[in-house]
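Number of protein chains: 2
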Amino acid sequence: MENRPLILVVNDDGYEARGLEAMVSIAKEFGEVVVVAPDQVRSAMGHAITMNVPLHVTHYKTVDGVQYWRTNGTPVDCVKLGQKVVLRGRQVDLVLSGINHGSNSSVSVIYSGTMGAAIEASFDTAAIGLSVQDYSPNADFTAAVHYGKKIVKAVLEKGLPPHVCLNVNVPKIPFEEIKGMKITRQTEGYWYEDMEKRVDPYGREYYWLTGHLVDTDHAEGSCEWALHHNYISIQPVHYDLTAYHAMNDVKYLEDVQ
Amino acid sequence: MENRPLILVVNDDGYEARGLEAMVSIAKEFGEVVVVAPDQVRSAMGHAITMNVPLHVTHYKTVDGVQYWRTNGTPVDCVKLGQKVVLRGRQVDLVLSGINHGSNSSVSVIYSGTMGAAIEASFDTAAIGLSVQDYSPNADFTAAVHYGKKIVKAVLEKGLPPHVCLNVNVPKIPFEEIKGMKITRQTEGYWYEDMEKRVDPYGREYYWLTGHLVDTDHAEGSCEWALHHNYISIQPVHYDLTAYHAMNDVKYLEDVQ
Chain A
23 MENRPLILVV
33 NDDGYEARGL
43 EAMVSIAKEF
53 GEVVVVAPDQ
63 VRSAMGHAIT
73 MNVPLHVTHY
83 KTVDGVQYWR
93 TNGTPVDCVK
103 LGQKVVLRGR
113 QVDLVLSGIN
123 HGSNSSVSVI
133 YSGTMGAAIE
143 ASFDTAAIGL
153 SVQDYSPNAD
163 FTAAVHYGKK
173 IVKAVLEKGL
183 PPHVCLNVNV
193 PKIPFEEIKG
203 MKITRQTEGY
213 WYEDMEKRVD
223 PYGREYYWLT
233 GHLVDTDHAE
243 GSCEWALHHN
253 YISIQPVHYD
263 LTAYHAMNDV
273 KYLEDVQ
Chain B
23 MENRPLILVV
33 NDDGYEARGL
43 EAMVSIAKEF
53 GEVVVVAPDQ
63 VRSAMGHAIT
73 MNVPLHVTHY
83 KTVDGVQYWR
93 TNGTPVDCVK
103 LGQKVVLRGR
113 QVDLVLSGIN
123 HGSNSSVSVI
133 YSGTMGAAIE
143 ASFDTAAIGL
153 SVQDYSPNAD
163 FTAAVHYGKK
173 IVKAVLEKGL
183 PPHVCLNVNV
193 PKIPFEEIKG
203 MKITRQTEGY
213 WYEDMEKRVD
223 PYGREYYWLT
233 GHLVDTDHAE
243 GSCEWALHHN
253 YISIQPVHYD
263 LTAYHAMNDV
273 KYLEDVQ
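If you read the protein sequences in the order shown, they are chains A and B.
Our numbering puts the first residue of the first sequence at 23, with every later residue one more than the last.
Our numbering puts the first residue of the second sequence at 23, with every later residue one more than the last.
Among these hints, one or two may not hold up.
It does not matter which identical chain is meant; a pair holds if it fits inside one copy or across any two.
Stated by the list, open to error - Under the rule of at most 25 Å between Cα atoms (straight-line distance), these lysine-lysine pairs were calculated in the DSS-like manner: (1) K175 with K50; (2) K106 with K219; (3) K273 with K194; (4) K180 with K273.
Since the hints were derived computationally from the structure, they do not count as laboratory data.
Being a predicted model, the structure only gives us computed values, none of them experimental.
Based on the provided sequences and hints, a complete structural model is requested.
If you want it as structure tokens, here you go:
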């Protein structure tokens, strides 16, 4: 047991992703670090959990005092397994999710396993999801690590509001061009999907889900605005999906006969 | 082509679930119906999509003019495949998701494949997720079908606000005790998880994810309040996860040096 903060690191790109090591390099500066990562790529798993198969979680290495575990579970399962099994209920001070290879700005946040894990953690601890706007396995994490450390330091000192986590996205520009950090709201938009049709060697049709993000909102204050203007976007995120603005609009349903 | 509304029915309990047939019985009264369901149980998949394996979607029967398709995809994939592949881009008028065996009230909404599909659909059409407070494969859908028809009729007539879908939950009480329908907000709470540890025949430890919902909020107007007071809960849901109430609280991060 140490007096340093206890930091749980998880991701959705899997235990071999370079972004995971980049996140560990941030976490190690501030506390005792335990890693629980998926044993394969589990991107775009949203808030999925595993109920139909049993979960395994295996310690596979310890390096510089950092324990590394991997699991067949989803990113959200990594948080649950980390808290309940690996750490046996010890109170975690901070959960760090990522660093994700690829942006989780705009509506990507709802598909994101990285953010699913951060949201799960926010039920009882501070949590930050950190992503870079670059899907490459060899994405450059220099800026994400630099600003990530600033954010982690500040959050450990000042905390986050209850049940609120951060969705941090770093633009793909040279480090020295980054102007700073902006608190943002989610950009309005959607994923335009194509289903790319192919035929397998046995004559059966199948589809690859592909697509691109369409932003319908370019206003100042949105996460995409920040990224396009060379800022790091910090979106505070919560798990209340209620459309409060629409409650009166659907009130007519109470009177339906 | 018909002039009746085009209704896409999806679920997360899979193509063999009784709840799916109950939903089809609602949809058939109002329009042309196409079903796209997972080929296995895909509960608790949240907003997961499938990017790492190819998707198949297969027509397996047509009954009374209703086309039934099944897929290896998630509930959200069912919506995308329905729109893009099965219906080849025809504009859907309404997506119905469920009827789910089990409640999607309180924070269950963020784990729910049923609601993941409804939220996905809400990007460009009206959508309703319908669930009963009973996980049994033989759950009683009488009340859900009765009130579901009222809701579908009203929504087809009056519409929903853009990008807002409905999370409808039906209490597990005798039909005649239901007092009506209430527009609600998401109940504050969390899932308390246990990881039930077992040892396989080869001596390896594994875990089953189990747990129960803990509501920390019993105030009037919440979805759990409505269910406990014998009302059907109708929560308007959107996909903007921004914690607007917390934006000022985290503004300090913009000034971190």
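Going through the hints against the structure:
no.: 1; hint: K175 with K50; result: within (12 Å within a copy, 57 Å between copies)
no.: 2; hint: K106 with K219; result: between (42 Å within a copy, 11 Å between copies)
no.: 3; hint: K273 with K194; result: between (44 Å within a copy, 23 Å between copies)
no.: 4; hint: K180 with K273; result: between (40 Å within a copy, 11 Å between copies)
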